[in-house]
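Those sequence lines, one after another, are chains A and B.
Per this note's numbering, the first sequence starts with residue 1, numbered consecutively.
Per this note's numbering, the second sequence starts with residue 1001, numbered consecutively.
It should be emphasised that the hints constitute simulated quantities derived from the structure, not laboratory data.
One should not assume that every hint holds.
As the list claims (entries may be wrong) - Example chain A residues on the side facing chain B (calculated, C-beta under 7 Å, incomplete):
no., residue
1, Phe45
2, Tyr48
3, Gly51
4, Thr105
Cβ atoms here follow ideal geometry from the backbone N, Cα and C, with glycine treated the same way.
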Amino acid sequence: GAGVSQSPSNKVTEKGKDVELRCDPISGHTALYWYRQSLGQGLEFLIYFQGNSAPDKSGLPSDRFSAERTGGSVSTLTIQRTQQEDSAVYLCASSPILAGGSRETQYFGPGTRLLVL
Amino acid sequence: AQSVTQLGSHVSVSEGALVLLRCNYSSSVPPYLFWYVQYPNQGLQLLLKYTSAATLVKGINGFEAEFKKSETSFHLTKPSAHMSDAAEYFCAVSDRGSSNTGKLIFGQGTTLQVKP
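Bound conformation, chain B alone (with noise of 0.2 Å):
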């Protein structure tokens, strides 16, 4: 089975400060991982994904995650945060076995909160 766990659910940073999103994950295949963010009232939206090329993965709006084998980690980091950052962000994982759905188990979200 596989599962994500998002170390906290509010994260608060200054403008201009180190943005850093924790997710591990467990799963006994090979994973696919992403990470979505969420503005309010609107749906999810892909920031990026590990698909099992480079390691260090580049994202929409600055944004980059490192796929981690040994830590089973994919944390969202982005130098410096800008106040449109604020949201909710998802971390999820799906398997990539073509008998499989891929559908996606997801984190319980991390709600980012940028300081002026």
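With the rest of the complex left out, here is chain A (with noise of 0.2 Å):
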């Protein structure tokens, strides 16, 4: 089956554009992350989405991220008034709930490489 797909691939744009990053996860999966990887912090968390429950957020960097996910399927992250401290590489993630709850294997889309001039 397909695994998790991104879009754009790859996204130049102009400090203080608004920007929208898309994630399509593996069919069936409930649980989606993002996260950012820049060469100066690493692999961050930024948030995650599980069913139709109240997103965590608490790995966003700034209020000018956000994240939605509709119909529990498709995300859209945005980042809006991009700084150049957002080049980064934004991956997706998405993961099977299990039985009791319990989550394990992440499967991650091949990121959004995100250079903003």
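Two chains, two frames, a set of hints: combine them into the complex.
Here it is, written out as structure tokens:
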């Protein structure tokens, strides 16, 4: 079956512009995560969605960052008024929920490389 | 709080030599532990995971790791390195409770170089 897909694969934008990054998780996976990979900070958790529950936004670095997940499937990460420090690879992952409610393996997409000029 | 420390940001081995990538974790609850590999310009691929079954875990491409609670370690090994193993490797920890998010906390990564 298809894996996690992300689009665009690359995005170049000017400082101050808004960008939207899309993630299409593996079908049937109810848990969805966004991570950011940057040279200075390594891999950081951003946000987590699980079904209809309120998302865990504890990793979002500022209020310029937001995300939504429509219909329990596709997710969009939006960065408003982009700054140069937002340049990074944004990775999406999805995970099934196992019996008992635990989550195990996260499957990652190829990422979106964002460059803010 | 959970954390992961990978000792050595860069490891270089000769083809055919033993690969040892070190990972130590800190967790106040029994953890899940993972090793992921990232090839250039690609996403993360799961190598193996520890989820409280056998402490010696075998993964893909001949890699294995041993969970040692007393040492809070989860080192990754491979008996004989291959050129295709050159990549960046990430150790990660997550909590196993169903009431938690399962978010991954990653180490800083180790770049493995394999010399011919």
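Right, here's what the structure says about each hint:
| no. | hint | in the structure |
| --- | --- | --- |
| 1 | Phe45 | holds (4 Å) |
| 2 | Tyr48 | holds (4 Å) |
| 3 | Gly51 | violated (12 Å) |
| 4 | Thr105 | holds (6 Å) |
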